[in-house]
Amino acid sequence: MTQTMRLGGGMIDRSKPLNFRFDGKSYQGFDGDTLASALMANDVRLIGRSFKYHRPRGVLTAGSDEPNALVELREGARREPNSRATVAELFDGLVAQSQNRWPSLSFDALAINDRFSNFLTAGFYYKTFMWPAAFWEKLYEPIIRRAAGLGSLSLAEDPDSYDKGFLHCDLLIIGAGPAGLSAALTAARAGAEIILADEDFRLGGRLNSETHPLDDAPASDWINASIAELESLPNVRLMPRTTVIGAFDHGIFGAVERVSDHLLTPPEGKPRQTLWRIYTKRSLLAAGAAERPIAFPNNDRPGILLAGALQSYVNRWAATPARRIAVFTNNDTGHRTALDLIAKGIEIAAVIDPRPDVTRTGDYPLLAGAVVSNTAGRLGLKSIEVRLASGEMRRLECQALAVSGGWNPNVHMTCHKRGLPVWDEGIAAFVPGETGAQGMFVAGAAEGRFSTADALTRGMEQAIVALGELDRKAHTIALPKAENDTGSITPCWQVKGGKGRAWLDFQNDVTTKDVKLAHQEGFRSVEHLKRYTTLGMATDQGKTANMGALAIMAELAGKSIPETGTTIYRPPYTPVAIAAFAGRSRGTDFRPTRLTPSHQWAVEQGAVFVETGNWLRAQWFPRPGETDWRQSVDREVLATRRSVGICDVTTLGKIDIQGSDAATFINKVYANGFAKLPVGKTRYGLMLREDGIVMDDGTTARLAEDHFVMTTTTANAVSVYRHLEFARQCLWPGLDVQLISTTEAWAQFAVAGPNSRKLLEKIVDKNFDISNEAFPFMACGEITVCGGLRARLFRISFSGELAFEIAVPSRYGDALIRQLMQAGEEFEATPYGTEALGVMRIEKGHAAGNELNGTTTALNLGMARMVSKTKDSIGSTLSEREGLNQPDALMQVGLRPLDKSRKVTAGAHLMVRTAAANAKNDQGYITSACYSPNLGHSIGIGFLKNGAERKGEILRAVSPLTNLEIEVEVVSAHFIDPEGKRLHA
Amino acid sequence: MHSLKPLTPLGGTTPRRDEYPGLILMENPDWAMASVAARAGSVKKLASAFTTFAQGKLAAVESIDNSGKITNFWTAPDQWMVMAPFASHESLAADLKAALGNTASVVEQTDGWCRFDLSGAHAVNTLERLSAANSRRMQANRVCRTQIDHLGCFMLCHKAGQDFSILGPRSAAASLHHALTTAAISIA
Amino acid sequence: MSYSGWRVIKEALSGHKGWKPAWRDPVPASDYDFVIIGGGGHGLATAYYLAREYRAKRIAVIEKGWIGGGNVGRNTTIIRSNYLLDGNEPFYEFSLKLWEGLEQDFNYNAMVSQRGILNLIHSDAQRDAFTRRGNAMILNGADAEMLSVEQIRQRYPFLNFNNARFPIKGGLAQHRGGTVRHDAVAWGYARGADRLGVDIIQNCEVTGFRIKGGICSGVETTRGFIGAKKVGCAVAGSSGRLMAQAGMRLPIESHVLQAFVTEGLKPVLPGVVTFGAGHFYVSQSDKGGLVFGGDLDGYNSYAQRGNLPTVEDVCEGGMALMPAIGRARLLRMWGGIMDMSMDGSPIIDKTHIDGLYFNGGWCYGGFKATPASGWCFAHLLATDKPHEVATAYRFDRFKRGYMIDEKGQGAQPNLH
Amino acid sequence: MIINHPLLGPRDAQEFTYLGDANLINRPDWQAEDAVDQFHEYLYQRDNPAGKHRELWYHEAGDRSWLVVTRDTLTHEITGVELARDVALKSGRGK
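If you read the sequences in order, they're chains P, V, F and G.
Position 295 (the first sequence) corresponds to 295 in the numbering used here; numbering is contiguous.
Position 18 (the second sequence) corresponds to 1003 in the numbering used here; numbering is contiguous.
Position 35 (the third sequence) corresponds to 1208 in the numbering used here; numbering is contiguous.
Position 21 (the fourth sequence) corresponds to 1610 in the numbering used here; numbering is contiguous.
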């Protein structure tokens, strides 16, 4: 027998039955159900367990503020822990498990905690588990951690994809209830660009849960007509299933659209969810209000739910938790609920209302001036105990209890920019404070105007004002006739004098006793209360808990509620899947990948690639038979030094600098002189930060009087360009200089080795003489290659060999490397990767990223003399500071192992031979190390105190981290060709 | 003529073409480009020199000028990108420099960029998933530089709501293409 | 009253009537020997150690709001001493040692949990740098271990080892690092200090310093003038605002750092993991929430809230590293004000005004430093000499060129 | 955040890179007697106000203009945006 608790009517499609499973048992619901309503229709009341005491729990609400009915939704890699059954749209094949229970939901071993609750009061753990000290990590904490958490992750990679997007509009309307819809119609008819977003899959808001007619017809008629009109307008974007999660600066909102969460799996290629960044000129918050419970003893049993939620279940979903229901209310909601229940043929055990003078609005037993003082039923409500006005106690049989403690306007979004809500005595709730500065308007229940008529009117009025601020005239629209009962309320936060605990935060098991204890121990600010008791820290973010706790705090402190504090909210409005924030940036698409012009060719050569920044570069090119990367790298190095090697160096930053003041400009951004660099020549440049530390280095070529090309390191290409623009626009705006990056435009290859000239002569067109005389070391020029292709040639060398760098437009890069390799066959031209590049520069003692680590000065690099004192350049002044010029300053040196078979380790620290290895004796450290195939042993370069004076000294290189310690000799960092003969060959 | 065979930014010998419902995505390597930046104090001289060369005029802020035989669009204060068919204008930068002399700094940009042309009803639905620029309201002959999945790109609008071009860093062409296709497919 | 398991049981059986306020709520006296401005972790620890280690009397901590409401109450609770430079490592190692005995010391369970911290390596250059760092840690008496990919895979099998944009190539681990229940640190120090006679005065805002002839004799507050022989400022996030009242400009910018926590989940993360190629680090709290964060938003701010791009950037890093957390839901985000110094390292020093002392510029290293910061500031206040592990934290280091720049970013606070 | 670029109109701050206090435009004279002190003040010392702050932003993913933005560090409200180049020229910077 299924759906025994299904009633007549409702907004479900009985022609579309949907099968689903909960805790392994099969059930059936209908299209339009949520998991919660479908379970209720199937008479399932027990859905979850609380966090601390593992109390049995059922649904409390009908929305995203649900603290109790949390499940693990879906299976396998798609499992979603802590999913609210109350907003999980039902689909065929849905599978859900209860969580935080063992072995089963109805019998949970850890429910034992409930028995010991007296020992587990707020903050008890701060006062114990301290002795013996070692026991915390070994014993106590593991036990606590095992009990921690609610649902569990699958730990498999999320198989779904997520997307992002950006939307622009004049008015963003948050919430599609009566206020939101009337605002949307008003603004849309005025031609404004609007977005209407609602977290629900059915627009209409509270209207879907209540029975009030609009223009004497069912509210759904007006809703459907309104939606139809809005859908027909090009300037309107309707976004159901979309939660606006946060208000950020300057009219930017985040919103999550659940594109496929109502399906078993997303369609091929479609996202599960999309994160929209919405840019809006004005916003209207019409997010309604959330009902709040009353704290009375054992107010947390399955079957006890909020009255407004119960209205939703019976009216919208035609489901009821019981056939005989009692109502406990301090405002009119409970009475309206009773009428709705009666209309559905449900028996009312009684309406209990603490207000002595309240009158009946229908045919139900009313207990005025009475309160619920206790409840019974372990896994589901069986009966309640009522204390009558007379003080007499009465027991009432009922399987459900609808509770209404009044309504809290959903002011969250008005607080996201630290706006403070203000207290409204009339409705005993906080309403939005100053929001104007944010361009945000509020309408309807969200501003504390609870009647349908008010909501409709305010939505229209606020839309008109908002558009008015944008100089857009909107006109009043015809609104349907609606109920205008503003309601009345007498605050009732807790029922005193009863036995047993009264829950405030249902999920985290924070009771009125905990609040009292916190106050007693001096935790008297709202912040202290939350942190000490964990109140409001649960997945419902305290939506149902904070207000009641604040009221009780106020009472304890003998202050008014506003004096005591307020409850402010931070984003997100409801919890959001982390993957939704990441969007498409996943796996290998986490960041863009930049490929060099020779990438395809390198792939064909079987190159091994390495990430350098966003670039992928060939690290080495294994040859058949090579089993270890070292074999490949050694071969590449030896071949280059013996004959000729080729390496793609396109990744180096290239900045084109032109203008009549270009030379002056470059002279200011480099520490060394450039003013006198002749046309057709290249020079090494050392760039300092203003604090005198080396920022970058590279070569800059002068192609014409007013035209330079600067190269930067691969890593700093972007930051150097930014730095140059700063110098150009902010420091020396009077200079005639223009900058543009050409890193991408040119494919550039290093051709290095004794035969590099011979090879290039076969490529470079004959009318260009690149002989040593015509094109000496550090020459540069614009040439043509391969029969007329424009190219640039630089005679510069990172390897220390006779070497050139040749550049052609990127689209020809692939063809050029193939040409070079072909032309190089007779010289056994060898492609080399970044490893060989690294080895050769270490053999030459050239500083690179490992040396230029952001703390290195020109002095450290042995280039102090390069910093010109005869001109103004960035960094020169502060480079003179005492601390950067100590007599024992670190100096770059070469390091050679005494025992040639031992390995020099980058990152090892240097100690005097006889001194103990500790920080006090630290003499410096090794920055880079490699095996030098030319020298036949390992070498390193590093920084050593007063290193320039210590050539020949024997030191210990210690690396306790890797259990290495060797003796090294301090030598010149120029391991190969110290005189630089090869460069000039 | 030289012997070197060009590759498109995506590494093909012919441009890549993708078709989706409501969207055609084309890799387009057929444009020569050069940046033109005015020398200090010579914007006016440059403008007239350019007009003599290209007939059209230097584009206003965030616009494209198609009025002449050679197109250009605004890229930064006193800086423009000039575009002409590659087949006929591979030497665009040199030609411009010859024509503009010392009124401007000219830099070849042809291979600094990859270009993807989007056309169809879904063009803006695709672009609004990629960039904060308001492509839905973008008028014809407008351009802006914006961010697409961490890449600085130019977005050119040729026909409002219909025809766009995205210019991105050439080395990241594959990543940019991946972003464009993923967005195109994910349109619900 | 001393806290213990027995006490908890006794109180439970007698209706918890015996619990007293964790600290008194005294009226400020007219003057003290020491006035500490700032009832956060550092200020309270300073008062605690002044009283306990330096036997000082007549101490007050004055706090404009509620104690522990600043960064000690809004951080990601990580403790570690994996620093590189001589100026820093001994200090942070001293701090870590203090954490190790803290709870027994101040009789409060702050849940110091040394579950280990792991910094992932994604390139050879990073490996070289981390090797140097790990060695520096060991040479300073701290612990460090270089882990292989296999070792990491065993401990964190769900990291992205297969299709990562920046593959994991190893990691530098400090097993003694971990997490602490952050609020409890403030409360523990407050209660400890209170028991030693320190007056903790909440809701008392400093409105000015009384300075004559270059000597500070006390502070003007919303509760009247409070005289003091020595005034110590420890007001992370408000350093600029406070010291401006003494006419001082600081080598500090205040920036917003966002932090995030997910819904409670059954335990998945044994320790703290830091992604070396994206802006993301994460741990799991004893309540089950994944606590994570990333980079600063990057602009000066006192707003204690951030913006969406940073949230997305951090979560992108999270998904790149741990694709298995995709369906975990982000529950809360918040922002703290970081007093970012010009070299990323703090200042514990006398000011040029006699009797006025400063402790600040902690960037986002403040929480882990709490015990040592308090101890060293107390030492400076009591003896007028810097503590041996804090000698480098001077105001004049920038003018003299002795920066302590762990990240090598230079004078750009938002990059440290 | 949104920065209202003087030439381009409102643009998402995500397209920009932040540097800091706009005073970094006023680079001291390298030949001054107390040049080191002046550069120290210039590079390291900050007003760091809680309120209106003039600061440098670089439109890195846009037109590469450096901007001087006047922004309230308490509310993030932006009340002024200028091209840094204009500001520098006005304050007498040239060659």
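Among the hints, erroneous ones may be present.
[To be verified] Below 35 Å or equal to it, Euclidean Cα-Cα: the simulated DSBU-like pairs (lysine-lysine) are: (1) P/Lys-871 to V/Lys-1030; (2) F/Lys-1580 to P/Lys-900; (3) P/Lys-481 to P/Lys-16; (4) P/Lys-903 to P/Lys-871; (5) F/Lys-1580 to G/Lys-1684.
Hints in this document: simulated from the structure, not taken from any laboratory.
| query | Which of the numbered hints above does this structure break? | reply | 4
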